[in-house]
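A.B. asks: So the sequence lines, in the order shown, correspond to chains H and C.
Mapped onto the working numbering, the consecutive letters of the first sequence carry residue numbers 95 to 696.
Mapped onto the working numbering, the consecutive letters of the second sequence carry residue numbers 6 to 398.
One or more of the hints may lead you astray.
Stated by the list, open to error - Here are a few chain H residues that sit away from chain C, every Cβ distance over 12 Å (derived from the structure):
#1 S187
#2 Q377
#3 L416
#4 T474
#5 P510
#6 Y533
#7 L623
#8 A644
#9 G656
#10 D657
#11 G671
#12 P685
Claimed, not checked - Reference excerpt, derived from the structure (chain C facing chain H, CB under 7 Å, subset only):
#13 D37
#14 H270
#15 T301
#16 I307
#17 F384
Hint data in this document are derived by calculation from the structure and do not stem from the laboratory.
In this text, a Cβ means the ideal position worked out from N, Cα and C, and glycines have one as well.
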Amino acid sequence: MSERQKRIRNFSIIAHIDHGKSTLADRLLENTETLTSREMEEQVLDNMDLEKERGITIKARAVNMKYKADDGEIYSLNLIDTPGHVDFNYEVSRSLNACDGALLVVDASQGIEAQTLGNAYLAIDANLEIVPVINKIDLPAADPDRVRTEIEDVVGIPAEDCPAISAKTGQNIVDVLKKVVSDIPAPKGNEDAPLKALIFDSYYDSYLGVVVYVRIFDGKLRAGQRIRMMNTGAEFDVVEVGYMAPFGLQKAEELSAGEVGYITASIKNVRDTRVGDTITTAQNGITEPLPGFKKALPMVYSGIYPADGAKYDDLRDALEKLQLNDASLLFEPETSAALGFGFRCGFLGLLHMEIIQERLEREFNLDLITTAPSVIYKITKSDGTVIYIDNPTNYPDVAEIAESAEPMVKANIITPVDYVGGIMDLCQDRRGIFHDMKYLDATRTELHYDLPLNEIVYDFFDALKSRSKGYASLDYELIGYKASKLVKLDILLNGEIVDALSFIVHEEKAYGRARKIAEKLKENIPRQLFEVPVQAAIGGKVIARETVKALRKDVLAKCYGGDITRKKKLLEKQKEGKKKMRKLGSVEVTPEAFMAVLKLDE
Amino acid sequence: MKRLGLYVHFPFCANKCPYCDFYSVVGYKNIDDYIDALMLQCEDYAESVSPYAIDSVFFGGGTPSIVPEKYMLEFIDRIYDKFNVTLNAEFTMEVNPATVKLSQLKKYRKAGMNRLSFGVQSACDKELKALNRIHTYGEFEKSFEIARKAGFDNINIDLMYGIPEQSFESFCDTLKKIVALSPEHISLYNLKIEDSTPFGAIKDKLALPSEDVEYKMYEYAIEYLGSHGYNQYEISNFAKPGKECVHNLKYWTCAEYLGLGTGAHSYFRNTRFSFIKDIDSFIEAIKDLDDDTKLTDENYTINPEERAGEYIMLSLRLANGINTLEFERIFGMNFEKMFVDLLPAYLENGFMKKTSVGYAFTTKGMYVSNYILSSMLDFSSSIDENIANGTDK
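Please build the complete structure, drawing on both the sequences and the hints.
C.D. replies: If you want it as structure tokens, here you go:
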């Protein structure tokens, strides 16, 4: 280990949502004087608006800090932030691989939650040194001793002398910095060996091209080098290397083994810089990439259509721009009889889907219509061929299906004991298979279920929260396919099937869901000139029906003293209102109707 | 000689009705100043109106009947003095049902007025109270008698349906009582709750009849009034034969009319314009007629395409509907071709019917006419360009 390496610490902070990860990061930046409190905007590391609003990290970020320790030496601390949501598990694991240690932040009153555990296991898998930190000790309900025991019992790591802090008030923050220096190992690696670097994040910048965040394991990286991405095979000439400052990039001569930094190389597309890929030199490089690379694969698909058909090109441009920064977003053109031209989009999970939709609407000013999310079904046809279906419209006729299978997840739910009954009912209702229940302590339990992903993508998370007053937490991972009796439910308006509203559902649940959807649609279809029957059907057999009564009254009785303009304005306003409606065959439907059918849990 | 309707707005009320969003003011002190301003406006328009024969005069409000008799008579004189009012012109004044005096009405009748319009709304006192009207039905009956005595043989009664507290039965009763009085003309308006009114603010708390009950009332009224000699000639208007309102028909046939006074609307020489909605500013602006930007509110010329749209919108209000040959003659456009995508569905589903000369709404169609017209017509260009920018004289 070189002298330089001895004074480097690469670490991340892992925590459940709301346990104070971002606030702690802010305090560390302040205490190391990387930022003055005046420069300090709230939660510097989360710099997407959406992240601030939701209090979660969507993309990983990294920042370099200089810290003068008690031994008088100046240490270079690299804090690598990780996304905090199950949708981004793969990103989390790659970010952790760039580190040598992790701070495990646990709320002093809430204790361990599902994501604390999920992320802690990822960190343990990555062979990281874990430093527990108990946060929020300023809260009246704080019980650091109980949480300390819980960490030792549940996670299985010593927590006797772990820092107990309040990131909010700044109390004991220095203890954390001391622990980082004393407990987290310095990076190893040979500066003179061939280059071996891990990509743990990247983003597109319109001036620099793709900026790639890397951890150097062996060798050196400097401008002018020709490098190769080992999994994608793409080669580039390095233009610039440097460190991540909180408000931008700080150019440097070179990055060497043990360091964390960025490179630019006139890269046009983030698809060439996949998170988890290994960088080496084009000539005389290493032959074995770092283990664990995989392409992040979408788990959830939905159709995204512009509310105004004329905005199709704008939508494509917007998706392309988002994809520059998000290689896990997939999209391809799709046509729906009901909605016209749009895109079938693949997402890592529901949160990812919501984030993309919100960004399209906010950052690109698009009005969207989104169809119900679908998972990928595996269908074995009678002739033995296997097909994967991510769009209910393409679901084959029952007669052609030998076996249908749906993706399953292993779900880990942590909840206060009081809510166990309600949550077990919910899991039961969502076709969950119970595995076991463990008491974490006297008040909290951990439940393990196998659940169909199809049951989670609708509103499971909301339902879980509402049944536990917000206390239960969920973590899940995909475990494969399971044969299941699935049917395609079609929705008919005025007797015509609306392809965009069809979806796949388990046979036993079809009736209940059909009824609820018919009711929801009825609320979202304005009265029109004729009565509109709303029907739900399986293979032509109607199983639920509602009726939107015909409009009876829409008349301007009086022409106010010859004020014809007023009447024209009124008609014009009405015309505008109608333009916002989506015409499905002969029926006008509010754009909200497509989303309303998703929220079915009361 | 070309014909012209003359409207005059009197923005005074004894009491503001909570559903009304017309421009009017309660307790205005300087009514004489306003009448003076109207007189000046008559003079101002005397020349441009000189090629026209005025065949209808309509005093609307507000409540024109609360203007002191002396001023009113002077003003009527000024109209006859400045404009060419035809001998048998229809001359209407809107009247508050509780506040008429025989002597006053006699004088007005003698001065040329020949038609009265009572804002009765309902024959049920509970409903009148819900509307915060200041009259009772009994008071109206007396006023009606006085009007007849004063020599008015052409009287309209305004009624409403969809009133808070109103039931189908009470509505039928109102119709029965009104028909028994045998007025020449009945207007039946659906109460529309406008957001800008006091009723608008408490919309959800009003005990309004349901849409279905309202439709039943409307359907019943058409039938009942029809069988008692009142033909529906427009969405909201019923008259004994030959007693259709000349003035209102001008609105629906795209004929020209000039509206004097604050907030009054005109369609004159192919331009739609209105005067500002504020009595004091109006009086002030009249003093400086060289600069009429202060006086006018909206002001825009109608292009032929827009006029065609208006013609369709307005003529379809009439029971006789649109005369397609006439339409083609005026605008050079073929009505059936314009709406080839829409007409068949409207006909098949009973919203429209074919007449001997064109098309008309059925009762069912009239009742949803806004919905249908907003599908047929497009006024976006004029609304955007002309109205948003205000004046473009």
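A.B. asks: Could you run down the list of hints and mark each one as holding or not?
C.D. replies: Hint-by-hint comparison with the structure:
Its beta-carbon lying about 54 Å from the closest one in chain C, S187/H satisfies the requirement of being farther than 12 Å from that chain. Taking the minimum C-beta to C-beta distance to chain C, about 65 Å, the non-interface status of Q377/H holds against the 12 Å cut. Every C-beta of chain C lies more than 12 Å from that of L416/H, the closest at about 33 Å, which supports listing it as non-interface. The non-interface label for T474/H is consistent with chain C: the shortest C-beta to C-beta separation is roughly 46 Å, beyond 12 Å.
Look at P510/H: its CB is around 40 Å from the nearest CB on chain C, clear of 12 Å, so calling it non-interface holds up. No beta-carbon of chain C comes within 12 Å of the beta-carbon of Y533/H; the shortest separation is about 51 Å. With 12 Å as the threshold on Cβ separation, the claim that L623/H sits away from chain C is violated: the shortest Cβ distance comes to roughly 6 Å. Look at A644/H: its CB is around 9 Å from the nearest CB on chain C, not clear of 12 Å, so calling it non-interface is violated.
With a least CB separation of 5 Å from chain C, G656/H falls inside the 12 Å interface cut-off, contrary to its annotation. With a least CB separation of 5 Å from chain C, D657/H falls inside the 12 Å interface cut-off, contrary to its annotation. Here G671/H does not stay apart from chain C, with its beta-carbon only about 8 Å from theirs, under the 12 Å limit. No Cβ of chain C approaches the Cβ of P685/H within 12 Å, the least distance being about 19 Å, so the stated non-interface status holds.
Interface restraint check: D37/C against chain H, minimum CB-CB distance 23 Å, threshold 7 Å, status violated. At about 5 Å, the closest approach between the beta carbon of H270/C and any beta carbon in chain H falls short of 7 Å, and the interface hint on this residue holds. Hint status for T301/C relative to chain H: violated, with the closest Cβ pair at about 13 Å, above 7 Å. At its closest, the beta carbon of I307/C sits 10 Å from a beta carbon of chain H; the interface hint therefore is violated under the 7 Å criterion.
The beta carbon of F384/C is positioned within 7 Å of a beta carbon in chain H (closest approach about 4 Å), and the interface hint is therefore held.
Checked against the numbered hints listed earlier, the structure breaks hints 7, 8, 9, 10, 11, 13, 15, 16; every other hint is satisfied.
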